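Peer 1: So the chains spell out like this:
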Amino acid sequence: MTQSTPAVGSPPTATGTPRRARRIEPFRGITFAAAVLVLLILGAIAVFLVVKAIPSLKKDHSNFFTTKGWAPDGDPPMFGIAVLVFGTILSSVIALVLAIPVALGVAIFVVEYAPRRLATWLGYLIDMLATVPSVVYGLWGLIFLVPHIRGFQHFLATKFGWIPIFDDPNNRTSVASRSIFVASVVLAIMVLPVIAAISREVLRQVDPNLKEAALALGATRWEMVRYALLPPSRPGIIGGIMLGLGRALGETIAIALVLGTSFAVSFHILQPGGNTIAANIANYFGEAGTTGRSALIATGLVLFIMTLCVNLIARTVIYRAAVKQGTAR
Amino acid sequence: MRTSRIATSLLLAGVLLAAAACSSSKKTATAPTSAAPAPTTAASSAAAAPATTAAASSAPAAAGSAPACATGTLSAQGSTFQQNMETQWSKDFGTKCSGAKINYQGTGSGAGITAIGNGTADFAGSDVTMAASEQTAANTACGSTALTIPITAGGIAVTYNLSGVTSLKLSAATLAGIFDGKIAKWNDPAIAADNTGSTLPSTPISVFYRNDSSGSTSVFTSFLKADAASDWTLGASKTITFFSGAQGAKGSAGVAAGVKQTSGGITYVETSFAKAQSLPTASIKGEGDYQAATSATVSTAIGEGFSVVGTGSDLAGTMNYASMKTGYPISTVSYAIVCSKYKDAAKGGLVKSYLGYAVTTGQAAADGLGFAPLPSDLAAKALASITAIS
Amino acid sequence: MSATAMSGPGAASTSQVWKVTGRRAVVNRLMTMAMYLAFLIAVIPLALVIWYTVGKGMTRFGWSFLTHSMAGVGPDDITGGIYHAIIGTVEQLFIAAAISVPLGLLVAIYLNEYGAKGFSTVVRLLVDVMTGIPSIVAGLFVLAFWVLGLHEGYSGFAGSMALAILMLPVVTRSSEEMLRLVPDTLREAAYALGIPKWRVILSIIVPTARTGITTGIMLAVARVTGETAPLLLTAAGTLFVNKNVFHGQQEALPLYVFSSAASGTPADVNRAWAAAFTLILIVVLLYVIARLLTRRDATRR
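These protein sequence lines are chains A, B and C, in that order. One point on numbering: in my numbering, the residue at position 132 of the first sequence is 132, and numbering is uninterrupted. Numbers in my numbering are just positions in the second sequence, counted from 1, shifted up by 329. Numbers in my numbering are just positions in the third sequence, counted from 1, shifted up by 719.
Hints are computed from structural coordinates only; laboratory data are not their basis. Just so we're clear, the structure is a prediction, and the values are computed from it rather than from any experiment. Do not take every clue at face value.
[Said to hold, decoys possible] Pairs of lysine-lysine, DSBU-like flavour, derived with a Cα cap of 35 Å:
#1 LYS654(B) / LYS554(B)
#2 LYS836(C) / LYS425(B)
#3 LYS68(A) / LYS425(B)
#4 LYS670(B) / LYS962(C)
#5 LYS514(B) / LYS614(B)
#6 LYS425(B) / LYS614(B)
#7 LYS324(A) / LYS836(C)
#8 LYS511(B) / LYS604(B)
#9 LYS614(B) / LYS604(B)
#10 LYS159(A) / LYS514(B)
#11 LYS672(B) / LYS59(A)
#12 LYS159(A) / LYS511(B)
With the rest of the complex left out, here is chain A (with noise of 0.2 Å):
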């Protein structure tokens, strides 16, 4: 009994613990199991993915980083995920411009302006919408803001086509919608969400005391805000913003049902065409041959990284955030 007891008060960790208390210990086994199985799960995965990407690799008689098409079981077999990337990132980023503004303004709505009892009710809406599936998104996008936002983007090839990206030549958005700006509003809804709850949770955060402060000091709410409430904020919030962006970047189904996809690289956002990595995969699995697969597993590594950089930019800038409110681990 009195063996398998650590001193009082000290950390319930391994290293206070006496070794003679861990030898008795399977369940510490138990545990350690567990995590080795978790990192020998991830590694099998990031192995397994890149051997079965390098054969494709081998086969493409094309530049993969730079070919625009996709014909990885032709013969030759010639692909490259120029488009897929270029798709991917440019719809994640205007996606993210549009979300950014409005999530933000919620967040700080739902802190500061709300009445309160609504402050809370919206907190769960607000939660609750993040978890809303894509497909319903999709479907969404695909029967109401498909034919709906035609007349839109039609307004803004013809009043803004001076700006390069709202172009339109040969007058193509008066017929067609599916283009990469649709495909980017409803990527913009569905992380809309995910950013306002991760901020509305970062701007609660933020010490009372420096609000009342900066209120005390004869600031209007808004300076308030400005000055007090978002510059402690920030890293928080960029988190959260990496975090949408991640959830973007990885989209499938609903861009998948939203957008009219082309092998070609345009700045036309407007226009129908362009492809993104994820949707790409759901689109082609089924009729892809076994260098096809190949292909693809390698376009997934491509998305895996994109994803994993996001996520990892985004856990560092709150950990050093956390590190100067000497909050970190």
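Start from chain A and add chains B and C according to the hints.
Peer 2: Only chains B and C this time, still in chain A's reference frame:
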């Protein structure tokens, strides 16, 4: 504060549940019971019994008799061209032979051929025959020779969405111009020349094409290549890179739904999909005069243009579009790709039973859906090949 | 930084106060309006999504929709339902949870109670990396590894594995957070009584954090309930009831919504809305239950 939060959540859940309950009680009264052999409710399985279809009751006399009923589940996928036909057969066959579940998924001819090569489909649907490498893969997966057998026929309709225009004529050369992006407006002189006497709006043309590997694309472009040789430069294959303003969509249903949503839209799709979306179809002029896509004109065209090139039980064929002079010029047969000998004998029995039903009794359902029955001699050959499956 | 910025308006000389205040008041009012506007802009599309799903979903939703599969539904029939999809979704989620919850919980216990500092950091980092796996990549992995690589074929179980990969990091991280909230005094009191560590963990720490852990699990389940992409590549869908999750293609609710939406005929679109409505209903119920658990726990303390 806390109690109000709980109340809020409860209220929300309550409202949603109440809404669900309301709607369900309303629907049980009005909605017709599905003809499904339902898994739980005894009431609906009773309702399934009297649901006999027109197809089951009026079998054509010409074809031989279908193999006996078998039970089990088949996973099949491929051509979206024949998807509606397969769904109808699956329904009728399930009624005829209870316990037989035929799960056909429209994933595209290319995906179907890949799936049988991977061994993930029990049979595949395709509008095109297999390339040599695909045949090898299918043979390996089957452990026996994979056979290509025609099971239905249909026309690739050119369907459009143009308010006020219910009849439209298009020649092969005009079609080539539209799908090439050269003809961009509905009142283009080329279209007007095909439709003397009717006025067409200046609406821009919105072209939808299949962005998956599609037998429909192959048939449509083969027709253009044959009948509009000087105007069509993009070749003929399952995947075509159309001009940059065209919109890609997945599956026959995808392009049809796209046209339905888009004023000024046009696409090529099996007739049944245009029917399902209540879209008009154009009369097409190939080698002969303008022809509408009907069961009769398609059957005529198959008689004129189809010839078997496969040997033995294999009935793979070619379509000669230049020789379709009196029939609808964009017609094709659609195939089932099966193993000649299944590793699982029960699977083989069910494939034989189902496809045997399809090429005999099942042919009667074609007309009403927007397909065409196979010519009787071809149907007899198909039945012979299917009967040899084990 | 905020301090220097703050000093701006405060340090203005008295002669300028009136003018600056006017501008500041206007800015303040404009920004207040902007906040309300942002809220409106956010609410409109989200409300439209919900409105459409509920409104359109109701036209087909009902008892017969819930109790029938798509067996024997012809191309033009408006009948048919989601019984097979509900069975598939429930089985797949159950197995995904059965794989990921124990594993995730054990890892969380290791990280919080036993872990050596260096190794824990690595595990924690990699679990975070796992959070970033796009769902389609998880599906692609199971497709290439299990379905085609090991010739196991499509099945609900393959789908469950893909879902489990997505659930595992969420369960691990949320459980770890909850375990950390258990006060150290509780641990110390237990150790002081001479109880072995594993018993302290299993009978004191985990039960104390139980509601929080359950909430995390519910939210993780809610999150993967709507996952479509991985199931598309692994479970592959069917029209029929397939109760055997380990063999043969199986339908799932999100897959059903996707394939019906893609088909696009009026009957299919109606079914898609009704299925989407059911899906949202399930997700919202899971969410509400999770929140109620949290609330109840908070009230009890």
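Peer 1: Each hint should be assessed against the structure and marked as holding or not.
Peer 2: Verification of the hints:
no. : hint                  : in the structure
1   : LYS654(B) / LYS554(B) : holds, 16 Å
2   : LYS836(C) / LYS425(B) : violated, 67 Å
3   : LYS68(A) / LYS425(B)  : violated, 51 Å
4   : LYS670(B) / LYS962(C) : holds, 28 Å
5   : LYS514(B) / LYS614(B) : holds, 20 Å
6   : LYS425(B) / LYS614(B) : violated, 41 Å
7   : LYS324(A) / LYS836(C) : holds, 21 Å
8   : LYS511(B) / LYS604(B) : holds, 28 Å
9   : LYS614(B) / LYS604(B) : holds, 21 Å
10  : LYS159(A) / LYS514(B) : holds, 22 Å
11  : LYS672(B) / LYS59(A)  : holds, 33 Å
12  : LYS159(A) / LYS511(B) : holds, 26 Å
Figure legend: structure checked against the earlier numbered hints; hints not met, in rising order: 2, 3 and 6.
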